[in-house]
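Let the sequences and hints guide you as you build the complete structure.
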Amino acid sequence: MLLKGEATLEFEQDEPVTLTPGDYLTIVPHQKHRVASTSNSSETLWLAVFYD
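Just so you know, the sequence shown maps onto residues 1 to 52 in UniProt numbering.
Hints in this document: simulated from the structure, not taken from any laboratory.
Since we're looking at a predicted model, the values are computed, not measured.
Just so you know, not all the hints are guaranteed correct.
Claimed, not checked - Distance windows between CB atoms, simulated: (1) Gln-13 <-> Ser-42: 27 to 35 angstroms; (2) Thr-38 <-> Glu-15: 13 to 21 angstroms; (3) Phe-11 <-> Tyr-51: 17 to 25 angstroms; (4) Val-17 <-> Ser-42: 13 to 21 angstroms; (5) Gln-13 <-> Ser-41: 25 to 33 angstroms; (6) Asp-52 <-> Lys-32: 14 to 22 angstroms; (7) Asp-23 <-> Phe-50: 12 to 20 angstroms.
C-beta: ideal position from N, C-alpha, C; glycine also.
Structure (structure tokens):
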């Protein structure tokens, strides 16, 4: 979940996803991804939860 700022994630076989505060997504295990960019005007704060 993105708590503050803005971020764009890129996935190996999917379209990029841009998150704004309150947005969340589930990344399946072993899915290749990266943070492509974060907000230039404010800090970016994430809450990451890992579970089985």
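For each hint, the structure was consulted:
no.	hint	verdict
1	Gln-13 <-> Ser-42: 27 to 35 angstroms	31 angstroms, holds
2	Thr-38 <-> Glu-15: 13 to 21 angstroms	18 angstroms, holds
3	Phe-11 <-> Tyr-51: 17 to 25 angstroms	19 angstroms, holds
4	Val-17 <-> Ser-42: 13 to 21 angstroms	19 angstroms, holds
5	Gln-13 <-> Ser-41: 25 to 33 angstroms	31 angstroms, holds
6	Asp-52 <-> Lys-32: 14 to 22 angstroms	19 angstroms, holds
7	Asp-23 <-> Phe-50: 12 to 20 angstroms	18 angstroms, holds
Figure legend: structure checked against the earlier numbered hints; every hint is met.
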